[in-house]
Amino acid sequence: MLITNTTGYIVVAYGPYLSDSSNNGAAMQKDILIKNKDGILNWIAEHDIVVVDRGFRDSTGMVQALGLDVCMPDFLNGRRRFDALEANRSRFISKIRLVVESANGRVRDYVQIACAPVNTYRAPAISSFSNDDQIAAKMLACLHEPNLLRTRLNNEILHWSNNDASDLAHFPILTLDQIRLITVGM
4 MLITNTTGYI
14 VVAYGPYLSD
24 SSNNGAAMQK
34 DILIKNKDGI
44 LNWIAEHDIV
54 VVDRGFRDST
64 GMVQALGLDV
74 CMPDFLNGRR
84 RFDALEANRS
94 RFISKIRLVV
104 ESANGRVRDY
114 VQIACAPVNT
124 YRAPAISSFS
134 NDDQIAAKML
144 ACLHEPNLLR
154 TRLNNEILHW
164 SNNDASDLAH
174 FPILTLDQIR
184 LITVGM
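Position in the sequence shown (first residue = 1) + 3 = my numbering.
Hints are computed from structural coordinates only; laboratory data are not their basis. None of these values were measured; they are calculated from a predicted model. It is possible that some hints are incorrect.
Derived Cβ-Cβ restraints for the label pairs, each shown as a range [said to hold, decoys possible]:
| id | residue 1 | residue 2 | range |
| --- | --- | --- | --- |
| 1 | Asp34 | Arg183 | 33 to 41 angstroms |
| 2 | Glu104 | Asn157 | 49 to 57 angstroms |
| 3 | Arg100 | Asn157 | 47 to 55 angstroms |
| 4 | Ser164 | Asp34 | 39 to 47 angstroms |
| 5 | Tyr12 | Arg92 | 21 to 29 angstroms |
| 6 | Leu177 | Leu143 | 21 to 29 angstroms |
Even for Gly, the Cβ is constructed at its ideal location relative to N, Cα and C.
Let the sequences and hints guide you as you build the complete structure.
Okay, here's the thing in structure tokens:
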């Protein structure tokens, strides 16, 4: 997420954030403001204007509670069209937002450039193993098998006990290959 000034100068970049239905732009904005990341609340003054798109509608209340003025394109709310003032206001805000979108576009170009040397000169995050095909075949074969451990836990009355480090002396020692097999569900 970028915060820019009116000229497109990138003031600060936050992220990466996981983006899904519950962690959208509004949630990211709230997180930044609640945690006062980088002392951002020191950068702003009462009645500063925050220009956002409609995706930030869930954070407008909090932003206004901080004393900031929010400019966001209007919603039709079931109507077929805006009246002239609403349409002009939305176009005005969209024109201002073009600065932010231009900054996003420039960053996207540089992200691709930055990724190229990482891919070229850094080792892969995950290395291939000689038995990758065998592991994949076994995983596919086990895909529809029932979870026997869950069945056992659901059907048996188990008596749990607390353990300490001395109890681990009898815990099986596994090789890296054995751990790999266990962690892929085999």
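Violations among the numbered hints: none
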